[in-house]
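Visitor: Sequence:
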Amino acid sequence: MTDHANRGYRRLFDDEFSVGLFFPITTADGPVPPLGEQTDLAAYAEELGFDALWFRDVPLFWPRFDDAGQVYDPWVFLSHIAANTDDVALATGSIVLPLRHPLHVAKAAASVDRLSDGRLVLGVASGDRPPEYPAFGVDEDDAGELFRESVRTLRTVWAEEYPEIETPFGTLDGSMDLLPKPTTETLPLLVTGHAGQSLEWIGERGDGWVYYQRTAEDVAEQVDDWRAVAGEKPYVQVLHVALAEDPTAGPERIHQGYAAGTDWLREHVRDLRDAGVDHVIVNVRQTDPGRDVRAVLDQFADDVLAEI
1 MTDHANRGYR RLFDDEFSVG LFFPITTADG PVPPLGEQTD LAAYAEELGF DALWFRDVPL
61 FWPRFDDAGQ VYDPWVFLSH IAANTDDVAL ATGSIVLPLR HPLHVAKAAA SVDRLSDGRL
121 VLGVASGDRP PEYPAFGVDE DDAGELFRES VRTLRTVWAE EYPEIETPFG TLDGSMDLLP
181 KPTTETLPLL VTGHAGQSLE WIGERGDGWV YYQRTAEDVA EQVDDWRAVA GEKPYVQVLH
241 VALAEDPTAG PERIHQGYAA GTDWLREHVR DLRDAGVDHV IVNVRQTDPG RDVRAVLDQF
301 ADDVLAEI
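The opening position of the sequence shown corresponds to residue 1 in UniProt numbering, with each subsequent residue numbered one higher.
Hints are computed from structural coordinates only; laboratory data are not their basis.
Please read all numbers here as calculations on a predicted model, not as lab measurements.
Backbone N, C-alpha and C fix where the C-beta goes; we use that ideal spot for every residue, glycine too.
Mixed in with the good hints, there may be bad ones.
Claimed, not checked - Restraint ranges, calculated between C-beta atoms of paired labels, are given here: (1) E217 to D128: 40 to 46 Å; (2) G250 to A43: 30 to 36 Å; (3) L60 to Y212: 17 to 23 Å; (4) Y162 to T39: 34 to 40 Å; (5) D173 to W62: 36 to 42 Å; (6) I254 to D87: 29 to 35 Å; (7) H80 to R227: 32 to 38 Å; (8) E47 to D15: 17 to 23 Å; (9) Y212 to P31: 17 to 23 Å; (10) L48 to V76: 42 to 48 Å; (11) L179 to R227: 36 to 42 Å.
As the list claims (entries may be wrong) - For lysine to aspartate or glutamate, the following EDC-like pairs were computed, each having C-alpha atoms within a straight-line distance of at most 16 Å: (12) K107 to D177; (13) K107 to E160; (14) K181 to E161; (15) K107 to E185; (16) K181 to D263; (17) K181 to E160; (18) K107 to E161.
The task is simple: from the sequences and hints, build the whole structure.
Guide: Spelled out as structure tokens, the structure:
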């Protein structure tokens, strides 16, 4: 377990395997989800035994990408959900570092971590929507370097008092400090995708790796590659689920996941666990929009969570 293991990180990775849930928690169709029940559904998911709630960072809606995330700003929404839950880990998937000043990220993240009693796990990425870069005055070709510098800045200002650091974002000369500090020496950082970095860089400087859906066979090979550079640091996979009402329904591929009944999904999640995955993030967004989302969560909790 990393020295950066706050309460949220331990909830995700102390045991052999855990499962989280992506916002928006909905079966509604269309790129912009309904917002009214998300707080109640977050508390309901915690009651059902999901280990984490994952928050998206989508600064601007791009219709071509067809996905507005959970719509709310992640820092505002994190604070709200933290106040309405007790023990579930709160994770970002993922904060787009090149589009945000790292001092703002550092202060917001440490604030959420403190207010939630150490439940924040910070997933970070370099971004995947090309029009966002010019909107924020960032050259897309610089995203990888800005990501590296952001991570260096975050680690420095969380761990040190009155730090001195020179970065492309600005200079700290030792006369000022960032407050609050997080509940641990530095917050756990999970890198999503490659973020413009080598796997060796991610393994050395990250506290885990988040990757997109792959077959169980491919995952086993990728986990082996990860373990070779990162040791026992955790591997996390995103799984989009279109949950069929019939538990015996066979699988069909969908974007970043599968449409299937719980019989097949239970075996697939077990296969991911056995392949070395430490945490799976489930997104139920692509389920039949006619189904009640609570019924979908109940079915997944009863037939998958309870059986793994």
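Visitor: Hints first: check each against the structure and report whether it holds.
Guide: Status of the hints after comparison with the structure:
| no. | hint | in the structure |
| --- | --- | --- |
| 1 | E217 to D128: 40 to 46 Å | 25 Å, violated |
| 2 | G250 to A43: 30 to 36 Å | 33 Å, holds |
| 3 | L60 to Y212: 17 to 23 Å | 22 Å, holds |
| 4 | Y162 to T39: 34 to 40 Å | 38 Å, holds |
| 5 | D173 to W62: 36 to 42 Å | 39 Å, holds |
| 6 | I254 to D87: 29 to 35 Å | 31 Å, holds |
| 7 | H80 to R227: 32 to 38 Å | 37 Å, holds |
| 8 | E47 to D15: 17 to 23 Å | 19 Å, holds |
| 9 | Y212 to P31: 17 to 23 Å | 19 Å, holds |
| 10 | L48 to V76: 42 to 48 Å | 25 Å, violated |
| 11 | L179 to R227: 36 to 42 Å | 37 Å, holds |
| 12 | K107 to D177 | 11 Å, holds |
| 13 | K107 to E160 | 14 Å, holds |
| 14 | K181 to E161 | 9 Å, holds |
| 15 | K107 to E185 | 14 Å, holds |
| 16 | K181 to D263 | 45 Å, violated |
| 17 | K181 to E160 | 9 Å, holds |
| 18 | K107 to E161 | 14 Å, holds |
Figure legend: structure checked against the earlier numbered hints; hints not met, in rising order: 1, 10, 16.
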